[in-house]
Amino acid sequence: MSHFYVIRRRGADALKMAIAIFFLLPLFFTALVSLRPETEPVTNGNIFFGSEITLENYRRAFIIAPWGLHYLNSIIFVGGTLLVQLFTVTFAAYAFARMRFFGRNFLLMAILLQLMIPSGVLLVQNFRTINILGLFDTRIALMIPYWGSAFGVLLLRQTFREIPIELEEAARIDGANLLQVVRHVYVMNAIPAYLAFALVSVSSHWNEFLWPFIITRSEEIRPLTVGLNKLIKTTDQGAFYGQLMAGTLIVIAPLVILFIVFQRQFVESFARSGIR
Amino acid sequence: MARDALHRPPRKSLLSLLQPYILVAPTLILVLMFNVAPAFRTINDSLHKPARGLGAAGKPPEFVALGNFQDLFDDEHYMGKRFLRTLRNTIVFALATVGIGVPLGLLTALLLNRPQPLLGVWRFAVFYPSLLPLIGAASIWSFIFSDSIGLANAILKTFGHPGLNWLGDRNLVLLSVIIINIWKQAGYFMIFFLAGLQNIPRDIYESASLDGAGPAQQFAYLTLPLLRRTLLFVAVISFTFAFQTVEQLQALGEGGPADSANLLLYLIFQNISERRNWGYVNAMTIVLIGVVLSFTLSNFLLFERDETDR
Numbered sequence: 643m644s645h646f647y648v649i650r651r652r653g654a655d656a657l658k659m660a661i662a663i664f665f666l667l668p669l670f671f672t673a674l675v676s677l678r679p680e681t682e683p684v685t686n687g688n689i690f691f692g693s694e695i696t697l698e699n700y701r702r703a704f705i706i707a708p709w710g711l712h713y714l715n716s717i718i719f720v721g722g723t724l725l726v727q728l729f730t731v732t733f734a735a736y737a738f739a740r741m742r743f744f745g746r747n748f749l750l751m752a753i754l755l756q757l758m759i760p761s762g763v764l765l766v767q768n769f770r771t772i773n774i775l776g777l778f779d780t781r782i783a784l785m786i787p788y789w790g791s792a793f794g795v796l797l798l799r800q801t802f803r804e805i806p807i808e809l810e811e812a813a814r815i816d817g818a819n820l821l822q823v824v825r826h827v828y829v830m831n832a833i834p835a836y837l838a839f840a841l842v843s844v845s846s847h848w849n850e851f852l853w854p855f856i857i858t859r860s861e862e863i864r865p866l867t868v869g870l871n872k873l874i875k876t877t878d879q880g881a882f883y884g885q886l887m888a889g890t891l892i893v894i895a896p897l898v899i900l901f902i903v904f905q906r907q908f909v910e911s912f913a914r915s916g917i918r
Numbered sequence: 026m027a028r029d030a031l032h033r034p035p036r037k038s039l040l041s042l043l044q045p046y047i048l049v050a051p052t053l054i055l056v057l058m059f060n061v062a063p064a065f066r067t068i069n070d071s072l073h074k075p076a077r078g079l080g081a082a083g084k085p086p087e088f089v090a091l092g093n094f095q096d097l098f099d100d101e102h103y104m105g106k107r108f109l110r111t112l113r114n115t116i117v118f119a120l121a122t123v124g125i126g127v128p129l130g131l132l133t134a135l136l137l138n139r140p141q142p143l144l145g146v147w148r149f150a151v152f153y154p155s156l157l158p159l160i161g162a163a164s165i166w167s168f169i170f171s172d173s174i175g176l177a178n179a180i181l182k183t184f185g186h187p188g189l190n191w192l193g194d195r196n197l198v199l200l201s202v203i204i205i206n207i208w209k210q211a212g213y214f215m216i217f218f219l220a221g222l223q224n225i226p227r228d229i230y231e232s233a234s235l236d237g238a239g240p241a242q243q244f245a246y247l248t249l250p251l252l253r254r255t256l257l258f259v260a261v262i263s264f265t266f267a268f269q270t271v272e273q274l275q276a277l278g279e280g281g282p283a284d285s286a287n288l289l290l291y292l293i294f295q296n297i298s299e300r301r302n303w304g305y306v307n308a309m310t311i312v313l314i315g316v317v318l319s320f321t322l323s324n325f326l327l328f329e330r331d332e333t334d335r
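Chain order of the listed sequences is Z and L. Take our numbering: the final residue in the first sequence is number 918, and no numbers are missing along the way. Take our numbering: the final residue in the second sequence is number 335, and no numbers are missing along the way.
No lab work stands behind these hints, which were simulated from the structure alone. Because the structure is a prediction, the values reported are computed rather than measured. We put the CB at the ideal spot given by N, CA and C, even for glycine. It cannot be assumed that every hint is accurate.
Derived list of chain Z stretches under chain L, where covered just means 3 residues or more per stretch with a C-beta under 8 angstroms from a C-beta of chain L [to be verified]: (1) 707-716; (2) 826-835; (3) 838-845; (4) 859-871.
Restraint-style ranges between C-beta atoms, simulated for each label pair [what the hints assert, rightly or not]: (5) Z:Glu861 / L:Phe184: 37 to 47 angstroms; (6) Z:Pro679 / L:His186: 43 to 53 angstroms; (7) L:Pro142 / Z:Gln822: 20 to 30 angstroms; (8) L:Phe98 / Z:Arg651: 47 to 57 angstroms; (9) Z:Leu775 / L:Leu91: 22 to 32 angstroms; (10) L:Leu247 / Z:Leu657: 49 to 59 angstroms; (11) Z:Lys875 / L:Phe184: 45 to 55 angstroms; (12) L:Ala245 / Z:Leu666: 25 to 35 angstroms; (13) L:Glu299 / Z:Leu775: 43 to 53 angstroms; (14) L:Leu42 / Z:Gln822: 46 to 56 angstroms.
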C-alpha cells in the first residue's frame with residue numbers, strides 16, 4: 643500500500659512538473675530572447691544564452707514606442723476607471739442592499755443586463771455612441787463604458803447586506819447623515835470586497851486592447867497594449883523577436899509583479915469574478 | 026420593525042423619496058447607454074442596409090428585414106463566406122477551450138489542492154498567464170510559433186522533425202490559437218475548482234478509503250459528482266468567454282490566411298469602419314449577442330440566483 647502510494651505521489655509530481663514547464667516556458671524564453679543579441683536566434687547553436695547578455699533589444703523597443711508615456715496612459719485609464727467605479731458602485735450597492743423603494747428589483751435586473759450583454763461585444767454601436775457624443779480620441783471615451791459596473795454592484799451589495807444593520811442604526815442615532823453612514827459603516831467594513839473589486843477591475847482594464855485601439859488615434863493617450871500592438875506590427879516585417887519580447891516584458895511586468903505581491907488576494911478575487 | 030423606522034423619517038421630504046433613485050442613477054444610466062440601448066440599436070441596424078452618401082443628400086438606410094442575415098448565411102456571398110467560416114472557427118475554438126482547458130484546470134486544481142512545498146510557486150506558474158493582456162500572451166507565442174527561429178520548431182527539430190509552419194499553414198493556425206487560449210485560461214478555471222474542492226469535507230474521503238475505495242474510485246464517485254456544479258459553471262463561462270476572446274489574433278496573423286483562424290468578434294472589429302458593411306457587422310453582432318446572452322442567462326438562472334437571494 644505505501645509502496646503504491648509513493649509511486650502515485652511520484653507520478654503526481656512528474657505531472658505537476660510537466661504542466662508547470664508548459665506554463666512557464668514561454669515566460670522564461672521571452673526573458674531569454676529579450677536579452678540575447680538579435681542576430682543570434684535560439685536555433686543558432688546554444689538555446690539558452692547568446693554570446694552576450696545585452697539590453698540592446700530594450701533600447702530598440704524604446705525607439706519604436708514611448709513606453710513611459712504609454713505607462714502613464716494605462717495608469718490614468720485604469721485609475722480613472724476605478725476611481726469613478728468606486729463611487730457609482732458604492733452608491734448603487736448601498737441603495738440595493740439597504741433601501742426600500744418602488745421598482746428596486748426591476749432596476750437591479752436592468753443593471754444586471756450588463757453581465758448578460760457585456761460592452762465588449764457591443765463594440766460597433768458603442769463606437770458610434772462615442773462619435774456622436776464627440777468623445778472620439780479622448781481619455782473619457784476609454785473609460786466611460788466601464789464607469790458603471792454590475793459586477794461591482796452585485797459584489798458590494800452582497801457584502802453590505804452582511805454588515806449588521808445595528809451599526810447603521812447606531813451611527814444614525816449619533817446623527818450621521820447618509821454619506822457618513824455609507825462611508826464609515828459600509829465602506830470601512832467592506833475593504834476586502836473593495837480590494838477584490840479593484841484587483842479585477844485594474845487587471846482587466848490594464849489588459850484591454852480592442853476598445854482603446856478603436857476609440858483613440860493619438861499616441862498621447864493610448865495605453866500600453868496599443869503601444870505593444872505597434873511594436874508587433876513593426877516586428878511583423880522583419881521578425882525582430884528580441885525587441886518584441888523586450889516590449890512584451892515591459893508591458894506585462896507590472897501585473898506579474900503585482901500578482902507576486904498580492905497572490906492570495908488575486909486568487910480569491912478572481913474566484914468571485916465569474917460573474918464579471 | 027427597526028429597519029422600517031430607520032428608513033421612514035418623520036416627515037417624508039421629496040429628497041428622501043428620491044434618494045435611492047439618485048444613488049442608483051449613475052450606474053443605471055451608464056448601463057442603459059452602453060449596454061441596453063446599443064443592443065436595441067444593433068437589432069434595428071441589423072435589419073437595414075446602410076445609407077448611401079452622407080447627410081441630407083444621401084439616401085436613408087433601407088429596411089431589408091432579414092436580408093443581411095440571409096447574405097451572412099449564404100456561402101456564395103462575399104461576407105457570408107467569411108462569416109460562415111469564422112462562425113465555424115469560433116465554435117471549434119470555444120468547444121476546444123472547454124473540452125481541453127477545463128479538464129486541464131481541474132487537473133491542476135487536484136494536483137495543487139493539498140499542502141505541499143513551494144505551493145505559491147506552482148500556483149504562480151499556472152495562474153500568471155490569465156493575468157497577461159491577451160495581446161501580450163499572443164506576442165509571446167508568436168515567437169514560440171515563429172517559422173524559422175521559433176521555440177516550438179527548435180524543439181521539434183531536436184526530435185528530427187523538420188518543423189511546422191504554425192502560423193502560416195491554414196490547417197494549423199486555429200490549432201495554435203487554441204493552444205494559446207488554453208495556456209492563457211486554464212489557471213483561471215483552476216481557481217474555481219480550487220474553491221469548489223475546498224468546500225468538500227475531508228472526512229468523506231477518510232471514510233471512503235476506510236471502505237476500501239482507491240483514488241480513482243474516490244475521484245469518480247466522490248470528487249466528480251460533488252464538483253458537478255462547479256464543473257458546469259466553469260464550462261459555461263469558458264464557453265461564453267471564448268466568444269469574446271479575440272485580441273490575440275492581432276499578433277497571430279489577423280485571423281488569416283483566408284480567415285482560416287478568424288473569430289467572430291475579430292471579424293466584426295475588422296469591418297467596423299467599412300460603411301457598406303454596417304448592416305452585416307450589426308447582424309453578426311446579433312449572432313454574437315445571441316450566443317453570449319443565452320449562455321450568461323442560463324448561467325445566471327442556474328447559479329447566481331442563489332447568491333443574490335441569499
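* To do: Return the numbers of the hints above that this structure violates; sort them in rising order.
  => 1, 2, 3, 6, 7, 10, 11, 13, 14
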